[in-house]
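So the sequence lines, in the order shown, correspond to chains S and W.
If you read the first sequence in the working numbering, its first letter stands for residue 1, the second for the next number, and so on.
If you read the second sequence in the working numbering, its first letter stands for residue 313, the second for the next number, and so on.
Since the hints were derived computationally from the structure, they do not count as laboratory data.
The beta-carbon is built from N, C-alpha and C at its ideal position, and this holds for glycine as well.
Fair warning: there could be bad hints in the mix.
In silico SDA-like cross-links for lysine to any residue, where the CA-CA straight-line distance does not exceed 20 Å [as the list claims (entries may be wrong)]:
(1) W:K621 with S:L310
(2) W:K400 with S:I32
(3) W:K621 with S:L307
(4) S:K20 with W:K400
(5) S:K309 with W:L576
(6) W:K400 with S:N30
(7) W:K316 with W:H502
Okay, the calculated bits of chain W under chain S, using three or more residues with CB under 8 Å as the criterion [as the list claims (entries may be wrong)]:
(8) 574–580
(9) 583–589
(10) 609–622
Anything over 12 Å on all C-beta distances counts as not near chain W; from chain S, calculated [said to hold, decoys possible]:
(11) S26
(12) N43
(13) E126
(14) E267
(15) D306
Protein chains: 2
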Amino acid sequence: MIQKEQLIKCHKRIAPHIHKTPVLTSRIINEITGTSVFFKCENFQRMGAFKMRGATNAIMQLTEQERARGVVTHSSGNFAQALSLAAKSLGVKAFIVMPSNAPQVKKDAVKGYGGQIIECEPTLAERQRNADAIVQKEGATFVHSSNDLNVILGQGTAGKELLEIQPELDYVFSPVGGGGLIAGTALAAHFFGHHCKVIGGEPFEVDDAYRSLQSGRIESNARTNTVADGLKTQLGDINFPIIQQHVDKIIRVTETEIIAAMRLLWERMKLVTEASSAVALAALIKEREHFVEKKVGIILSGGNVDLGKLPF
Amino acid sequence: MIQKEQLIKCHKRIAPHIHKTPVLTSRIINEITGTSVFFKCENFQRMGAFKMRGATNAIMQLTEQERARGVVTHSSGNFAQALSLAAKSLGVKAFIVMPSNAPQVKKDAVKGYGGQIIECEPTLAERQRNADAIVQKEGATFVHSSNDLNVILGQGTAGKELLEIQPELDYVFSPVGGGGLIAGTALAAHFFGHHCKVIGGEPFEVDDAYRSLQSGRIESNARTNTVADGLKTQLGDINFPIIQQHVDKIIRVTETEIIAAMRLLWERMKLVTEASSAVALAALIKEREHFVEKKVGIILSGGNVDLGKLPF
């Protein structure tokens with residue numbers, strides 16, 4: 001049973017190392033949705049995404065001995081950068097197992113944040129095998145990007161900060177990928193909201209969380225053909241029970257709806273945000289008739305995009 | 313002689329109709345420049361640019377009779393949209409003379425904000441002739457986008473707000489186009505700064521303001537081949553004397569430097585900003601050795617860009 005006090009302590013712990021990101025609003029998006037929307041701008045977070053929160057909390061929970069031996073993860077996305085930067089800020093080594101076909105720009109970003117890259121064959125089995133080898137060889141602690149309670153609590157601090165500014169939110173929308181952000185957000189809403197419901201946005205193309213909630217067991221994706229590249233991962237045994245207990249529903253959206261929502265965020269709010277962030281807004285727009293005149297929070301998860309490969 | 317009280321009154325007048333835009337900072341840009349930079353984010357202003365301020369002030373200074381007959385301007389850029397939206401918000405008609413070759417997206421934006429478009433041949437003479445005709449026929453008041461004291465005072469409220477948050481700025485950087493923003497910023501720095509100097513950023517390709525300050529008379533541009541499409545216009549007889557008196561210097565930058573600065577704003581600060589906004593940052597980066605350990609403000613003028621035509 002996770003306690004409210006755990007999330008409060010986590011927030012105090014990581015606060016000096018993260019940005020308290022702003023909450024922005026948009027007249028035009030309020031008009032389009034017929035509701036009052038409050039965007040928690042984690043695209044302005046350090047290294048450009050909420051993952052900085054969970055990575056920082058996970059490292060800060062290690063003993064001095066564990067810190068001395070470093071941390072390791074496998075990721076080709078934001079968590080690789082987040083763990084690298086959080087580790088560097090805290091004076092800890094970070095080993096990052098990346099698939100050999102990861103874009104050079106992502107490898108450069110990890111190196112820029114001080115992470116030590118171990119390349120491997122681009123399969124999940126090989127990624128895990130290489131990470132296990134680092135754990136064996138270096139004594140480093142493995143940190144999973146989403147299926148780790150300390151990571152989940154860290155991600156939940158974004159929702160906590162949002163509810164501190166807007167305590168009367170009726171709903172919070174979050175994108176669903178590996179499940180860390182939405183599980184953390186659900187805990188924050190449960191502990192700090194006043195009957196605040198949590199809703200996930202998920203691409204039809206990778207709707208494993210939607211299907212998992214229906215079947216009651218963790219489903220996976222046969223293919224992952226979505227522009228929201230942060231959402232291709234699947235749920236885990238630590239975050240899934242939290243999601244089952246505290247998430248109201250998941251709304252699925254098409255690729256066209258994601259890109260249209262992303263365009264709104266860029267053109268109307270002037271925010272550089274990832275397609276994954278736009279998924280939550282797309283979900284609200286899709287079912288807006290259910291949220292008229294409500295107060296809705298949306299977690300804009302991050303802003304790390306390749307400007308040379310925009311979908312519009 | 314323009315008085316401090318005029319700028320104070322202007323700000324009070326327009327405050328209910330504009331956004332008090334946030335001031336953001338970036339650790340990485342501070343590292344790159346070796347200085348503390350405070351970005352005044354007018355890309356978050358209503359309709360996406362500082363021009364909303366001046367347009368609002370100009371209309372609010374009209375008599376009831378003048379308001380009843382509407383306003384007119386010629387512009388193919390942000391001021392067309394700003395005057396349209398400001399007029400709509402204040403219940404006034406806006407006639408916008410636009411060159412027939414203006415992009416459809418800009419015409420649509422003006423229409424979206426309620427402006428009434430009059431198309432004309434794409435020459436400055438034809439634009440002025442058509443605007444004059446509207447003045448004659450409708451009795452509308454002509455509002456120039458930059459060479460109008462009420463517009464200049466309105467634009468100056470961005471710098472005033474910035475100095476309210478950061479009163480000890482040593483410098484404020486502004487892009488230089490038609491001269492309205494930098495003249496207003498210079499007045500704000502003069503009235504509200506503590507020895508705060510104002511520096512302009514200008515593309516080499518349209519360096520009329522740089523040359524005007526050297527020659528002591530208003531120069532024009534033989535060609536206007538710059539990515540910073542908001543800066544193609546030239547100074548006027550109302551803003552030029554203010555600029556001569558209160559602007560410390562103008563730093564010219566290349567197209568490559570503008571695009572690199574724009575990329576920094578997008579990739580590192582996650583801000584959708586126009587190339588014109590990036591010109592001011594590019595100027596600071598170019599001569600950063602002169603500003604080490606100073607406190608520098610930068611006016612990010614706007615964020616209205618065509619996402620289909622990005623320079624990177």
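Next on the checklist: Which constraints among the numbered hints does this structure fail? Numbers only, ascending.
Outcome noted: Numbers 4, 11, 12, 14 and 15, in rising order.
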